[in-house]
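J.: In order, the protein sequences belong to chains A and B.
By my numbering, the letter at position 43 of the first sequence is numbered 43, and the numbering carries on one by one without gaps.
Heads up: take any position in the second sequence, counting from 1, add 1000, and you land on my numbering.
Treat the hints as calculated values from the structure; they're not laboratory data.
Every value quoted in this text rests on a predicted model; they were computed, and no experiment measured them.
It cannot be assumed that every hint is accurate.
To be verified - Quick list of the computed label-pair ranges, beta carbon to beta carbon:
1. B:Glu1090 to A:Ser42: 38 to 44 Å
2. B:Arg1018 to A:Tyr37: 56 to 62 Å
3. B:Lys1445 to A:Gly86: 56 to 62 Å
4. A:Asn60 to B:Glu1090: 37 to 43 Å
We put the CB at the ideal spot given by N, CA and C, even for glycine.
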Amino acid sequence: MSSPELDVRYVANLARIDLSDAEIAQFQTQLGRVLEYVEQLSQVDVSHVEPTAHANDITNVFRADEAKPGLEKKAALANAPRQANGLVMVTKVVE
Amino acid sequence: MEITDLSVADLQARLRARELSPVDAVNALEERIEAIDPQVQAYLSRDLAAAREEAAKADVTLPLGGVPIGIKDVINVTGQPCTAASKILESYRSPYDATVIARLRAAGAVPFGRLNLDEFAMGSSTENSAYQATRNPWDLTRIPGGSSGGSAAAVAAREAFATLGSDTGGSIRQPAALCGCVGLKPTYGRVSRYGLIAFASSLDQIGPFTRTTRDSGLLLNAISGRDPRDSTSLDQPVEDYTALLGRDLKGVRLGIPKEYFVDGMDAQVRASVEAAIKQCESLGAELVEVSLPHTEFAVGVYYIIATAEASANLARFDGVRYGHRADAPKDLLDHYKRTREEGFGSEVKRRIILGTYVLSSGYYDAFYLRAQKVRTLIRQDFTNAFAQCDALVCPTSPDLAFKLGERTDDPLRMYLADIFTIAANLAGICGLSVPCGFGEADGTKLPIGLQFLGKPFDEARLLQIAHAYEQSTDWHKAQPTL
Chain A
1 MSSPELDVRY VANLARIDLS DAEIAQFQTQ LGRVLEYVEQ LSQVDVSHVE PTAHANDITN
61 VFRADEAKPG LEKKAALANA PRQANGLVMV TKVVE
Chain B
1001 MEITDLSVAD LQARLRAREL SPVDAVNALE ERIEAIDPQV QAYLSRDLAA AREEAAKADV
1061 TLPLGGVPIG IKDVINVTGQ PCTAASKILE SYRSPYDATV IARLRAAGAV PFGRLNLDEF
1121 AMGSSTENSA YQATRNPWDL TRIPGGSSGG SAAAVAAREA FATLGSDTGG SIRQPAALCG
1181 CVGLKPTYGR VSRYGLIAFA SSLDQIGPFT RTTRDSGLLL NAISGRDPRD STSLDQPVED
1241 YTALLGRDLK GVRLGIPKEY FVDGMDAQVR ASVEAAIKQC ESLGAELVEV SLPHTEFAVG
1301 VYYIIATAEA SANLARFDGV RYGHRADAPK DLLDHYKRTR EEGFGSEVKR RIILGTYVLS
1361 SGYYDAFYLR AQKVRTLIRQ DFTNAFAQCD ALVCPTSPDL AFKLGERTDD PLRMYLADIF
1421 TIAANLAGIC GLSVPCGFGE ADGTKLPIGL QFLGKPFDEA RLLQIAHAYE QSTDWHKAQP
1481 TL
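Let the sequences and hints guide you as you build the complete structure.
T.: Here it is in structure tokens:
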């Protein structure tokens, strides 16, 4: 296992979360300790082991492609912080 | 006996006999909640008018007809709040019913009340709630466990007959143990997750908190089964989970995982659990020592896989379709980053950062892929152990309920509180905690839980074993004084 080189500021940007300098410093220490702890997994020989993504061995669950009743427009929009003309409003993406 | 002291089975019998009405049951709970919840703080909100209205229409001839059931505030109920104990969902109202809620209603039950939790079910003490810290009904200076702390405390404090919680790494079983009630985590795929706010999708499972194992079976009967809206729910037949109750333990082989009885466990927990295992033996169970050799790696695997899945699941909180949105963002990036900064609490941010890191380019193989491989070994440990026994028996939590604030500055120590419960989620098997005694700390009595772990889809057997033990003791009858 490669040694933890966690850069909280960089990862917070990937995760789209602003963090204060105090939080960055705190997480750096706390998560550094957590990563040190999980470093123990490098002791396990996994060279001939398949990964488990899921506890149940199921793949590709299919269903008929049929239209069914879903949320009404009003219900679907009811929780949107900003909406207009029956649409969700998004912060401007293009200049 | 107060109405609120009744088990679900006894309450339903009285409702069916028309000795009580469902509205009486709701009113009795409301009175109890008003009297003691200012101390316990299990409920985040409740809609009394809606519950009374539904109770008045309830068909008491149905299996859970007229029984009010409290819901962890992470499961959607139409028209009700579903905050996940997060500021980011403070003003959210559910536009639909989770499948478990639709199924409870079909069984005649009345969803009543929203129960506190660690924000997005991330925690082991319910202190990570953005709204309030729920107290342990046995000692109000201590935590109820978590993340389903509100669901556990409400059942123990007689302010709910039964509740639903969710268990990703022990979030049902650990608070059940610390509050002295029965908590069941079904096999992964037994209960639909549709309408449960996702934390770690390959680990999450909804399950009941009750005061008895029979009640646990009754609730499981109602909520189980394949759901086309959750592709990971399996098409296994739904049994009557109360059918085997009353059978004794003769011929039952109970495995004792030696790795679960190591140093560092509270001495009182160890003594109670060992006495309970002897009790099972005296009831006819055959004890076999088994080994789960990868136990020591379970916490590490869990905090990689669970945070990785959480970082992806919580990406949906973007301030666009629902939830909090930052004011006057200068561009889309600022919109996302400030929305999430303002909306999420500290532990949620910490886990998103960790999860994003272990999935990020250059670290994926070293952390995430390796953890998935060790997860395979942990699953195989259980398969091997179950070849030698019908179920495993061990402690639920290594500790008694700790003091509020005691571990909030030390995430790693908090994570280690889940050491005996996490592996069951990684392996996808079923598990249950049942009261097995009391320890003492600073002169107060604190509950201890015994954990039984069962083969996939063997809940009927698991409940049979736990019921046989429970009925040979009085632990489940003990009540906190409030």
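J.: Can you name, in rising order, the numbers of the hints this structure does not satisfy?
T.: none
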